[in-house]
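Keeping their order, the protein sequence lines are chains Y and L. Quick note on the numbering used here: the first sequence kicks off at 1 and runs consecutively. Quick note on the numbering used here: the second sequence kicks off at 1001 and runs consecutively.
Some clues are possibly wrong.
The calculated BS3-like cross-link candidates involving lysine-lysine, where the alpha carbons are at most 27 Å apart (straight line), are [as the list claims (entries may be wrong)]:
| no. | chain 1 | residue 1 | chain 2 | residue 2 |
| --- | --- | --- | --- | --- |
| 1 | L | 1088 | Y | 111 |
| 2 | L | 1116 | Y | 283 |
| 3 | L | 1088 | Y | 205 |
| 4 | Y | 205 | L | 1175 |
| 5 | L | 1175 | Y | 111 |
FYI, nobody ran anything at the bench for these hints, they're computed from the structure.
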Amino acid sequence: MLNRFMQSRLRGMVILALILIILPVFLSNPFHYELVIQMAIIAATVVGLNLLVGFAGQISLGHAGFFGLGAYFTGIATGTYGWSSVPALVVGAITVGIIAWVVGRPILRLKGHYLSMATLAVGFIIAIILNNERAITGGPDGMPVPALDLFGWELSTFGSYSLFGLEISGVQAWYILASVVLLLAVWFAQNLIESPIGRALRSVKGSEVAASVVGVDTAKYKSLVFVISAIYASVMGGLYAHFQGFITPAVASFEFSILFITMVVLGGMGSTFGVILGAVVLKLLPQVLADFQELETVMFGLILMLTMIFMPKGLLPTLVAVVSRRFGKKAGGEA
Amino acid sequence: MLAEFLQYLFTGITIGATYALIALGFTLIYNASHVINFAQGEFLMIGGMATVSLTAMGVPMILAVVLAIILAGILGIALQRLAIAPAKQADVVTLIIITIGASIFIRGIAQVVWGKEYHVMQNFSTSEPIEVFGAVLNSQSLWVLGIGAIMVVGLVLFFTKTLIGKAILATSMNKEAARLVGIRTQMVLMLAFMVSALLGSVAGIVVAPITFTSYDIGIILGLKGFVAAAIGGLGSGVGAVVGGLALGIVEAMAAGYISSDYKDAVAFSMILLVLFFMPRGLFGAKVVERV
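Use the sequences and the hints to build the structure in full.
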């Protein structure tokens, strides 16, 4: 079955890797590269968010808060205090993980709309703090972030590097890094899903009461996945800060949180490759719609609504269902 | 001291009354369909913006207000018919995204029609401030409170005295049972969205002279209404009013005595605190989950 083919862990990874390897053929200028690198970083973030939303069935409307915290932690640690990037990313991830654990425990007792309200509030509070602590964060004007350095090797979008004798530009080097990071993010998520933790999470989504009756410590697993998804967001926020070279509190904004959750739902909740597709589509859409000029926002809202009304399961699961129905017999024969 | 306190209290009650009306709109739709309508704030925006632009075209104020409310009502019905009803079996999150899509769509249209700039609306009566014990009160505040009170009383009467109101209540309690006794639940859902839109647009119109109005004013006002509804407990009418007023007063006090930069943070911390101790808000119904 094509369905099984798409869901199989390794094949999905291979397809993604192939796409990432072939893609540069179609990227003709630094602007294209920048767009794809942003896509990869954001896709990795939503892969993490999907663990919470798609697998554990918990809503977060404030995930940009953790993304923003990660971005600012990295920006402040490397920019203001002169740390190098790797310890900044690691300590940032640990700090954000602890914060997520502390807020997560009480919040995750909430259900449905109350949970979305609480996560929204957490995201908002983080964004407001980043906006107002001007002395540390630069306030609404934002702050510059130094180039990424990996073990003393500086990776700037303006630099040029040689890889196995090949001359590559800074954005191309970043592209390779972002691709590797995305693949790692997917690999980790896929393994987590297939682990006992993943099974426990899915049981929480199916029915929390039933899960706790059969002995699943639902509170523990919900907190755990909340922390993991926050760490994803933090690390990706840090990388994003390095890549952009400049951050503003917009990275932690409600709009950004909504964008993340929309990518998950639009691409297909619970499908790792679906949410990557969601990230790609939602990053590309404004580029495509730019031709409509002032109608851009109208078109964006309309497309969002129509997709969700007619494909409530999300893009990829719907596409897979259509394709496997059409070629069902043939694919079934192969399997 | 007293004058200062009264000043903050008046400000808080005024904005709180607006939050209460928005929260009631959320409550109405939530009760009827269990949807949290993230496009609720857009009804306020439509009310304010349509009134401003109609009066600018020379339409008398009263007529402009009525037309704006009707426009919002039509929008409410359209939202239910065209966006919510077709997505019958959708998840909670999917429905949230649909209403967010709708709000982006409505905001986009408003931006094209009315532009991005802020619009000023005249006070309904005198623009002279009123002085009470040394506190200065914007005369529009009295309009907000008066009309807010009328709307709340009107809603109570609507739900307890009219057949349509009772039908909405019945549907919110048990949809299947309501259908069995002959209530057309689809009609009821449409009505709920319409009444909710009317409430929102009225709130948007009365508060516009105080806050000004622009195409994107619905985002933050809608969110505050959601916060108010959650503080009170989703689905509770009393909760929505209490939550709205409490939120408005706490916000105004925080802005006055602590820091106006952290005014919104106080609102969001307040909802977290309430939910930590009362996971279903102040007046939320205890729901037993069926497994």
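Results of checking the hints against the structure:
1. 1088(L) <-> 111(Y): Roughly 21 Å between the alpha carbons, so the hint for residue 1088(L) and residue 111(Y) holds.
2. 1116(L) <-> 283(Y): 24 Å, holds
3. 1088(L) <-> 205(Y): Answer holds: residue 1088(L) to residue 205(Y) is near 20 Å, not above 27 Å.
4. 205(Y) <-> 1175(L): 25 Å, holds
5. 1175(L) <-> 111(Y): Distance ~22 Å between residue 1175(L) and residue 111(Y) Cα, so the pair holds.
The structure meets every hint from the earlier list without exception.
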